[in-house]
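Undergrad: Build the complex: two chains, separate frames, hints provided.
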Amino acid sequence: MEAVLQKIAAALFSAALLVPADPLPAADRTVIVSVPGIPGPYCAYGVEKRLYELDGVHRVVPVWEKEQIRILIKDGETVTSEQIRAAFERSEYPYDYKILGR
Amino acid sequence: MRAISLSVVVAIVVAGTTAYALVPWSPAREICSPIEPWGVAETDGARLNRPMGLAWAGGFLYVADTEHGEIKKLAENGRLVARWPGFERPVTVAVTGDTLYVADFLSDRITRLRADGTVITRWGRSGSGDGAFDAPSGIAVDRRGNVYVADFYNHRIQKFTADGKFLLQWGGKGRRGGRFRFPTEIAVNDQGEILVADAYNNRVQKFNRQGDYLAQWGGVGFGIAGRWPGWFRLAKSLTVDRRGDVYVADAFNRRIQKFTAAGELLGQSGTRASGDRQLRYPAGVAADPNGRVYVSDFFANRIWKIECGRSRKTGPADAARTGG
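From first to last, the protein sequence lines stand for chains A and B. For the first sequence, the residue numbers in my numbering are 1 to 102. For the second sequence, the residue numbers in my numbering are 1 to 324.
Treat the hints with care, since some could be wrong.
Pair by pair, the computed Cβ-Cβ distance ranges are [as the list claims (entries may be wrong)]:
#1 A:Arg29 <-> B:Gln191: 51 to 61 Å
#2 B:Leu168 <-> A:Tyr95: 29 to 39 Å
#3 A:Leu100 <-> B:Glu88: 42 to 52 Å
The set of hints was computed from the structure by calculation and includes no laboratory data. Values in this document were obtained by computation on a predicted structure and should not be read as measured data. All C-beta atoms in this analysis are idealised placements derived from N, C-alpha and C, irrespective of residue type, glycine included.
Same shape as in the complex, but just chain B (with noise of 0.2 Å):
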C-alpha cells in the first residue's frame, strides 16, 4: 500500500540561515522545495523592475531587467557584480563563455556582446522576412555556437550563426506539432535539441537542431489550458539543468514544473504557498550545476530559488534529506 503523506516537514538552509517550511504535495515522484527568495538587495543599483529572462553561466545569475532596460549580472550570493544598460525592452538574455546575447522585444534586434560591455555584433530589423522580427521574445545558444530566437508576433523559431547570419526558421501560427502561438522562450538541451515555450499554446515542443517536429506535452494538447499536474496555463519560460531535465514556468499557475526530456512530469512548486511565499507571476527560470534552479518574478521584482531532489516513495526523514 503507497503512503501518501499531504506534506512533511523539512529543514531546508538557505543562504546559512535555517528555515522549516511545508513541502507541497504533489503527485509527481518528485519533492520539490518550497520557493525561497533569493538575493537581490534594494541597495548598490541591484534592486529590479520588471524581472524576466534569467540566465546562469560560470556561477553568475544574469538577469534581464525589462523596465530598467538592462542586463544585471548577480553572484550566487544576490550581489550585483555587473549591469549592460542601454536597451529598450530587454525580456531575455543567453550567456555562453564570456559573451551574452540579449533579445530586445521592442527594438527587434539581438544585441551580442562581451562581459566587458563591447557589443560585438547587434543583427535584426522590424518585419516578417528571414533575419527580421516582430518582438523577440526568446534566445538560447547551442554548444556549436548557434543563436535560436523565439519571434513572438511571427509565430516561428529562427536559427542564425553566432554572428548574427541567418540561417533557417520554422513555425508559423497554429495549433498543430511544429506550429506556434506566440512562443516566448527557448532552451537547448545537451543532445542539440530545442525546447521551446510555446505560451499560448499552453504546451512545450521540442525540435532537432534543423527544425524537424519531435515531441510535445502540457495537457491534453489543441491549445488548452489548466491547473493539473503537467498541464500548463501560459508555459512562459524554460530551461535545462545538467541531467537534461526541463523546468518550465507556468505563469497563470503561479507554478515551476519538472519534467524529463521526454516530458513525463517529475515535480513542481510554488502551487501551495501563500502570502509572500506566493509566485505571482513566473517570468524566467534558470538551472545552476547544483541543481538549483532560479526563478523571477514579474510582478514582485524579484528572484526565488527552487532545489528539487530525487525522492520517491518517502517519509519525512528521506523528504528532509532531498530538501537539504
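Chain A on its own, in the form it takes in the complex (with noise of 0.2 Å):
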C-alpha cells in the first residue's frame, strides 16, 4: 500500500512539474506550450491573436523550429492554464497541444 501511495505521490510531482499550477505567477514571465507539428502560420497567428486578447499576456511568440509558442506574461498579472485553453480552442486550433510550463 505505501509502495502504490509512494508511486502516486511521485506521479503527481511530475505532473506538478511538468503541468503550470493554477493560476500562473506572473513572476514565472513565460509560459511554453508545445504545439507539435503545427503545419502553418495561421494556426499559431490564431492563436497568438486569441492569446493576446487576455489580459495578463505581454507577449506572444512562435518559436517555429522548436514547434513551440511562448507566452510573456506582464508583471504583476496571471493567466491560468484554462485561460491558455480557452484561447485555444477560440482560435480553432485544430491538433494536439500541451502546456508545458515555464
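TA: Set out below in C-alpha cells:
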C-alpha cells in the first residue's frame, strides 16, 4: 500500500513539474506551449491573436523550429492554464498541444 | 498516339546564369519551370522572417514580412528598395499606383499608405459587424479603387471604398457555394470578378462585384482536400496574371497550380522538386506582366520564381523554348 502511495505521490510530483499551477504566477513570466506538428502560419497566428485577447499576456512568440508558442506574462498579472486552453479553443486550433510550463 | 515524356531537360536563364533542370511532368497542358530561388540577400536588411502575402506593381515586388512586422519593396533583382515597418502581423499587401494597402491580422486594421510611408487612412476594429474584422487575412483592389478584404474568423468578404467606407459584405461559415471556411486571400481579374482562396474549404470561389456567387473549383467540393492535379490541400493564396489565368498557392501540397479564369487546370510546379528546390509552404503568390510568378515560402524564408509557358504536345525542343 505504501509503495502504491509513493508511486502516486511521485506521479503527482512529476505532473506538477510539467503542468503549471493555476493561476500561473506572474513571476514565472513565460509559459511554453508545445504545438507538435504545427502546420502553418494561420494556426499559430490564430492562437497568437486569441492569446493577446487575454489581459495578462504581454507577448506571444511562435518558435517554429521548436514547435512551441511562448507566452510572456505581464508583470503583476496572472494567466491561468484554463485561459490558455480557452484561447486555443477560440482560435479553433485543430491539433494537439500541451502546456509544458515555464 | 499521344506521346508523354515524364521529364524533359530545359535550359532556364535566371538572373544571368544558366541552369539545367528537370521539368516535372504534369498531366496538365502547360509546363511550368521548376521553382528557382530568387533574390533577397541576407545583407542590407532584406532578410525575410516568415514572408506571406506578395504583390507586384510597377516593376517591384512587395512582400508582407510578417514576423518583422513590415512590408518590404524589392527590385527585380531582389535588392531591398524600401520598407514600411510598424505593423503587428502584416499578412498581406495590395498595391495600386503608389498606394499600398496592408491587412494586419492581429490588430484588425487595414492601413492605406503612400509609397513614402505617409499613412493616408486606417480603418477597422475588432468584431463581426459591418467594417469590423476578426483577423483580416487577404486584400485586393479593383480598377475602380474598391477594396476587398478577406475576414478570416468571420468567414466573409467585405468591400470598402478606397478610403475605408463600408459598402457590402458576403459569406458566412459553410461549405455551400458563396460561403467560406477561413478565407485567406483575394484577387480581382480584369472583368472585375473577385476570386477568393477559400483556404479550409480547399477551393477557389469566384464572385461578381456585388458578391454574387459565380463559380468554384478544387477537387470534388464539399471541402474535401486532395493531392491530385486540380485539387487543393489548403488553398492559401492566389493571384491573376495579365491574361486572366489564376495561380493558386496550394500550401500543404507544396505546389503552385495554374488555372484558366474558368478554373481549368493549366499546369503546376513545385511538386517533384527535392531538397532545396522543394517548396515548404507556399504562402503568397504574385505575377508580373512578363509571365513570371513569385512565390513566398513561409518556412524557407525566401521568394521563389516560376515561369509557365504555353506548351501543348511538345517535345524537348519546344519545352526548351517555353522554359527559356
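Undergrad: Each of the hints needs a verdict: does it hold here or not?
TA: Verification of the supplied hints:
no., hint, verdict
1, A:Arg29 <-> B:Gln191: 51 to 61 Å, "holds (54 Å)"
2, B:Leu168 <-> A:Tyr95: 29 to 39 Å, "holds (35 Å)"
3, A:Leu100 <-> B:Glu88: 42 to 52 Å, "violated (26 Å)"
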